[in-house]
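Each chain is listed here by its residues.
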Amino acid sequence: MLELQDIYFNVKADDAKKEIINGISLTIPDDKLVVITGPNGGGKSTLARLIAGIEKPTSGRIILHGEDITEMSITDRAKKGIGFAFQQPVKFKGIQVFDLIRLASGKRISVSEACTYLSAVGLCARDYINREVNGSLSGGELKRIEIATVLAKGSVLSVFDEPEAGIDLWSFQNLIEVFESMRKNIKGSSILIISHQERILNIADEIIVLKDGKLTAQGSKEEMMPQLTGTSSAVRECSMLSGAKEVR
Amino acid sequence: MIQIDEIQKRLLKEVADLHQVPEGAYNIRSNGKAIGRASTANIDIIPKENGSGIDIRIKPGTKNESVHIPVVMSQSGLKELVYNDFYIGEGADVVIVAGCGIDNCGPEDSEHDGIHRFYVGRGANVKYVEKHYGSGHGTGKRILNPGTEVYMEEDSSMEMEMVQIKGVDDTNRTTKAELANGARLVVRERLMTHGEQTAISTYLVDLNGDGSSADVVSRSVARDTSYQKFDAKLVGNAACSGHTECDSIIMDKGRILAVPGLEANSVDAALVHEAAIGKIAGDQIIKLMTLGLTEAEAEEQIINGFLK
Ligand SMILES: Nc1ncnc2c1ncn2[C@@H]1O[C@H](COP(=O)(O)OP(=O)(O)OP(=O)(O)O)[C@@H](O)[C@H]1O
Ligand SMILES: [Mg+2]
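Protein sequences appear in the order of chains A and B.
For what it's worth, our numbering labels the leading residue of the first sequence as 1, then goes sequentially.
For what it's worth, our numbering labels the leading residue of the second sequence as 1001, then goes sequentially.
Next up, chain B with everything else stripped away, as it sits in the complex (with noise of 0.2 angstroms):
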């Protein structure tokens, strides 16, 4: 059936957890083409029709059901945009797992530019998970800037988890979402630097509907000489509530801009942004040495709880 090569292999699994072609609706893109795609009776997969990417229908009342649209480039040089929207129908509770995987051994920069669109109906859950790999020793960058726009219907909630631990030269991701009543946003990031590496964040998230709710938290850490901005902002329109949260841990020459917004148009709204940026606790250092932990491993035990 799907035939690929061990780097595709490699990067599929780091990205989507995925050994086999997955159960459920899938498309699975690979050096700029679809290389699989499958529907369900409840989940429709369309090729846009000037090619520049796909159409996720998902019928109202889809329960338990997945969508897979990894993509995967081992091509070095490779530059591509492409446009997934997602209708997800009302009431429908659906998981959605992309992601993309980047080997690049080549001189040439590869990148991935993906424009994710979710048009949450009513009542709708959706669980959203994203992660993005890189791999290569190639001189050519590999570049993911991705762009997710979110809109919500009343009393929708999606929960959105974004995880970029390895390998992406360059990042910068907007995330933009508009909520009506009652719809409830929550998104759990988490980055890690190291290298040359950048990497932007930036949300802007409208609450416009009477009890709606964002919870937008950021873990990260840079490390060498990389650097981050996180910049989120939420706007309350109405009698909502929102909180941002920006944990970081720094490390050798790391850099990172922490910028909170908040904008409350309304008396109702209640809106909450954290920043905290630092080294690792020293004390947590010391106390796994004394369990016989080099610092490096102490390190490391330390950063891989931070970013769990």
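Same shape as in the complex, but just chain A (with noise of 0.2 angstroms):
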């Protein structure tokens, strides 16, 4: 169970204080299964950053577990049980997808075993054991791979930033099978997801309006569904495949 309690975080643009995170507190229990969304710059990469650890908040408590660990490194959170999917998967140079998924299992693996994870994510595993992790793979290929490190990970709350993004629709049903795979043995965990997508919205237990670094809206699928379908944060593929623009 992961507390967030009165969350702020101001940043300093042009000798202007900016608030990003204006007062945000909820829980994400155990066992469930939470979607954020809202609109566009509302703040919901800079909450995940700031669960990762990557910001630290300028003020409230974080708590993991009954645990504070607002002042906690990125190092230990991971190690605490935080996994993180970055909306922009980072690119290096020479490190192989194969170590990556390594790295992140925190053992010694073997190629067979990574690449169950890359299965898991719809990509032909032994296409992508060897590649190297940078610019010569496609965006949706970086996406899949960001989220095989999370599931190689194995975490107690595991933060996904629009995993959806970049992934053709033809392979969506897969990533939603992912997740629907992990709600199903999230016994002890929880997950969150950062979407805008309906159907990704439509295996959450939870939901959560995130705008203007606040909290606008929170509720169980069941209440919270009717009044978002059809708004910019529940995109349904329809409008995405015949291009329309989304509606702010």
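Any given hint could turn out to be false.
Cross-link-like lysine to aspartate or glutamate pairs, in silico, EDC-like; alpha carbons within 16 angstroms at most [what the hints assert, rightly or not]:
1. A:93 <-> B:1196
2. A:79 <-> B:1295
3. A:93 <-> B:1206
4. A:80 <-> A:99
5. B:1233 <-> B:1252
6. A:221 <-> A:168
7. A:93 <-> B:1149
8. B:1176 <-> B:1206
9. A:211 <-> A:222
10. A:91 <-> B:1283
11. B:1033 <-> B:1005
12. A:79 <-> B:1297
13. B:1253 <-> B:1224
14. B:1279 <-> B:1268
15. B:1166 <-> B:1300
16. A:107 <-> B:1023
17. A:91 <-> B:1149
18. A:93 <-> B:1113
19. B:1308 <-> A:6
20. B:1308 <-> A:132
21. A:32 <-> A:3
22. A:187 <-> A:68
23. A:56 <-> A:6
24. A:93 <-> B:1299
25. B:1079 <-> B:1005
26. B:1141 <-> B:1196
27. B:1253 <-> B:1196
28. B:1233 <-> B:1149
29. A:79 <-> A:68
30. A:32 <-> A:180
31. A:221 <-> A:205
32. B:1279 <-> B:1224
33. B:1233 <-> B:1196
34. B:1253 <-> B:1263
35. A:93 <-> A:132
36. A:211 <-> A:19
Take a look, some chain A residues computed to stay more than 12 angstroms from chain B by CB distance [to be verified]:
37. 14
38. 202
39. 228
Simulated from the structure, these hints should not be mistaken for lab results.
Cβ coordinates follow ideal geometry from the N, Cα and C atoms, glycine included.
Fit the two chains together into the complex; they arrive one by one in their own frames, and the hints show the way.
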């Protein structure tokens, strides 16, 4: 269980103070899949980065399983069981897909073990395991590898920042299945997904809407879906297919 | 047969991946003397008469054979200058593994200056691998100054892999190449310097023949207060293509100077230079930290990958 207690996050931009997260308190309970949605620039990725320890809140506390981790480093949080798939996967030079999966798993693993994680995200493992994690991989491929690293890590709280971005619609079902299977085996852990996709919202236990650094709505999927469907926070694939712009 | 001590064994393993006497032709030089040598039916290794080095003669058409010529030094204060000349016959296809390991636990400098000249015959293919390695806690420096000259006849190709990752205090490497029609040269250099080490690498490649090409790529890491200079000049004298690249990571108080040099003397010469120097990207470190690595472990992995 993760608790955010009255989190504020300000940055200095052009000598002015910019408030990016504006007093957020929320709980991600054990055994639940929570989806955060909301407009671009609302602060979703920032919140995820605060949870992972990449940013430190200006004020407020972050509690993981009763332990205050507010001052804890990224590494220590990862060791305590926080996993984070970036919105923009990082590229390397020379580090291969296998290296990254091995590092994520935190132990010596065989190539075939590493391959199971790649297969889970719909990549034909043999073709990728020796590829370098660099710009020669497509955006969608990088994104899947990013998700595979979080699967390989195995976490008590797994955070995915827009996992669907760059993943083609034909593979989307596969991605949903990845999350559904994580949801099935969730016992003792929790999953936080940042997403605009209606089909991801649909597998949530709870949905949170984040706008201008504040929680503007929160509830069970059943309560939330009716008010979100058709808005920019819940894009259907068909509107993406037809190339329609998101409505703001 | 060959008597070598543990230090020399370790050096041989580092520079040539050798655990025992290699297959094929070889010449093992230890503390200034050849301690083992073998020729094969197609590859002759002949000591120069004045004792200044060896000639390696590879018969035309020799296929899939290898030559190992490692050098190890474990005696502090030794300085040597060695000439190795390779004559690679037409159409031969061979692997040449050189390398030098110096262990210096004494107060005096140890230095090995190896001059390698390659005469690559028409249509021959050469893969050349050279590793440099230094160890030992003496205050004496470990110095390596390799000079390489490559003369490439028509349609020959040469791939050079040169690695210096650890322990060499001072290196001044010069590589010169001349390419005839259709000749192809590929160079991959990997370098890491630390402490107060300095490494200078200078290339001068003359693309004299139509259809010749050169691709010289250096990846390097400079840590602590070390200094590196990468100076690569390509001269295009014909319808040729050339590319040089220097991709470097700088850490601590390291310093790197990359000097691009392109000279086109023919309107059909296409030459490109790329150079990038910077510290390890912060987001790479952060990503690995979110997988549970410490900052230092993350840096190590990133550098290992970079120099792989
Ligand atoms: N370090 C920073 N300095 C200045 N502005 C920042 C910083 N970090 C985030 N911001 C700003 O904070 C706002 C929230 O950004 P964030 O990336 O969290 O949004 P988001 O909800 O994830 O958006 P999207 O849906 O586009 O991914 C944006 O306006 C962004 O420009
Ligand atoms: Mg975002």
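Outcome of the hint check:
Proximity of residue 93 (chain A) to residue 1196 (chain B) is assessed by CA-CA distance (about 26 angstroms); at most 16 angstroms being required, the pair is judged violated. For the hint pairing residue 79 (chain A) with residue 1295 (chain B), the CA-to-CA distance comes to about 13 angstroms; that is within 16 angstroms, so the pair holds. A distance of roughly 30 angstroms separates the Cα atoms of residue 93 (chain A) and residue 1206 (chain B); the hinted pair therefore is violated under the 16 angstroms criterion. For the hint pairing residue 80 (chain A) with residue 99 (chain A), the CA-to-CA distance comes to about 22 angstroms; that exceeds 16 angstroms, so the pair is violated.
A distance of roughly 28 angstroms separates the Cα atoms of residue 1233 (chain B) and residue 1252 (chain B); the hinted pair therefore is violated under the 16 angstroms criterion. Distance check on the hinted pair: residue 221 (chain A) and residue 168 (chain A) sit about 25 angstroms apart at the alpha-carbon level, beyond 16 angstroms; violated. Using a Cα cut-off of 16 angstroms, the hinted pair residue 93 (chain A) and residue 1149 (chain B) is violated, with the two alpha carbons roughly 30 angstroms apart. Restraint check for residue 1176 (chain B) and residue 1206 (chain B): satisfied, since their Cα atoms lie roughly 8 angstroms apart, inside the 16 angstroms limit.
Pair hint residue 211 (chain A) plus residue 222 (chain A) does not hold up; C-alpha atoms about 21 angstroms apart against a cutoff of 16 angstroms. The suggested pairing of residue 91 (chain A) with residue 1283 (chain B) holds, with an alpha-carbon distance near 9 angstroms, which does not exceed 16 angstroms. A distance of roughly 15 angstroms separates the Cα atoms of residue 1033 (chain B) and residue 1005 (chain B); the hinted pair therefore holds under the 16 angstroms criterion. For the suggested pair residue 79 (chain A) and residue 1297 (chain B), the alpha carbons sit about 14 angstroms apart, so the restraint of at most 16 angstroms is met.
For the given pair, residue 1253 (chain B) sits about 5 angstroms from residue 1224 (chain B) by alpha-carbon distance, which is consistent with the 16 angstroms threshold. Restraint check: the Cα-Cα separation between residue 1279 (chain B) and residue 1268 (chain B) comes to about 37 angstroms, which exceeds 16 angstroms; the hinted pair is violated. Restraint check: the Cα-Cα separation between residue 1166 (chain B) and residue 1300 (chain B) comes to about 14 angstroms, which is no more than 16 angstroms; the hinted pair holds. Between residue 107 (chain A) and residue 1023 (chain B) the alpha-carbon distance is near 36 angstroms, which puts this suggested pair outside the 16 angstroms criterion.
For the suggested pair residue 91 (chain A) and residue 1149 (chain B), the alpha carbons sit about 37 angstroms apart, so the restraint of at most 16 angstroms is broken. Distance restraint check for residue 93 (chain A) and residue 1113 (chain B): the Cα-Cα separation of roughly 32 angstroms exceeds the 16 angstroms cut-off, and the hinted pair is therefore not satisfied. For the hint pairing residue 1308 (chain B) with residue 6 (chain A), the CA-to-CA distance comes to about 46 angstroms; that exceeds 16 angstroms, so the pair is violated. Distance hint between residue 1308 (chain B) and residue 132 (chain A) is fulfilled; the C-alpha atoms sit about 11 angstroms from each other, no more than 16 angstroms.
About 13 angstroms separates the Cα atoms of residue 32 (chain A) and residue 3 (chain A), which keeps this hinted pair within 16 angstroms; it holds. A C-alpha spacing of about 22 angstroms is found between residue 187 (chain A) and residue 68 (chain A), which places the hinted pair above 16 angstroms, so the restraint is violated. Proximity of residue 56 (chain A) to residue 6 (chain A) is assessed by CA-CA distance (about 13 angstroms); at most 16 angstroms being required, the pair is judged to hold. A distance of roughly 12 angstroms separates the Cα atoms of residue 93 (chain A) and residue 1299 (chain B); the hinted pair therefore holds under the 16 angstroms criterion.
A threshold of 16 angstroms between alpha carbons decides the hint, and for residue 1079 (chain B) with residue 1005 (chain B) the separation of about 20 angstroms lies outside it, so the pair is violated. Restraint check for residue 1141 (chain B) and residue 1196 (chain B): the C-alpha separation of about 11 angstroms stays at or below 16 angstroms, so the hint holds. For the proposed pair residue 1253 (chain B) and residue 1196 (chain B), the alpha carbon gap of about 10 angstroms is at most 16 angstroms, so the pair holds. Between residue 1233 (chain B) and residue 1149 (chain B), the direct Cα distance comes to roughly 14 angstroms. Compliance with the 16 angstroms bound is thereby established for this hinted pair.
Of the supplied pair hints, the one linking residue 79 (chain A) and residue 68 (chain A) holds, its CA atoms being roughly 14 angstroms apart against a limit of 16 angstroms. The hinted pair formed by residue 32 (chain A) and residue 180 (chain A) meets the criterion: a straight-line CA distance of about 12 angstroms does not exceed 16 angstroms. In summary, the hint linking residue 221 (chain A) to residue 205 (chain A) is supported, as the alpha carbons are separated by about 6 angstroms, within the 16 angstroms threshold. A threshold of 16 angstroms between alpha carbons decides the hint, and for residue 1279 (chain B) with residue 1224 (chain B) the separation of about 13 angstroms falls inside it, so the pair holds.
About 26 angstroms separates the Cα atoms of residue 1233 (chain B) and residue 1196 (chain B), which puts this hinted pair outside 16 angstroms; it is violated. With a C-alpha separation of about 33 angstroms, the suggested pairing of residue 1253 (chain B) with residue 1263 (chain B) is violated against the 16 angstroms cut-off. Restraint check: the Cα-Cα separation between residue 93 (chain A) and residue 132 (chain A) comes to about 7 angstroms, which is no more than 16 angstroms; the hinted pair holds. Between residue 211 (chain A) and residue 19 (chain A) the alpha-carbon distance is near 12 angstroms, which keeps this suggested pair within the 16 angstroms criterion.
Listed as outside the interface, residue 14 (chain A) is consistent with that label: its C-beta sits roughly 22 angstroms from the nearest C-beta of chain B, beyond the 12 angstroms cut-off. The beta carbon of residue 202 (chain A) sits about 28 angstroms from the closest Cβ of chain B, which is more than 12 angstroms, so the claim that it is off the interface holds. Here residue 228 (chain A) stays apart from chain B, with its beta-carbon at least about 29 angstroms from theirs, past the 12 angstroms limit.
Hint compliance for this structure: hints 1, 3, 4, 5, 6, 7, 9, 14, 16, 17, 18, 19, 22, 25, 33, 34 are broken, all remaining hints hold.
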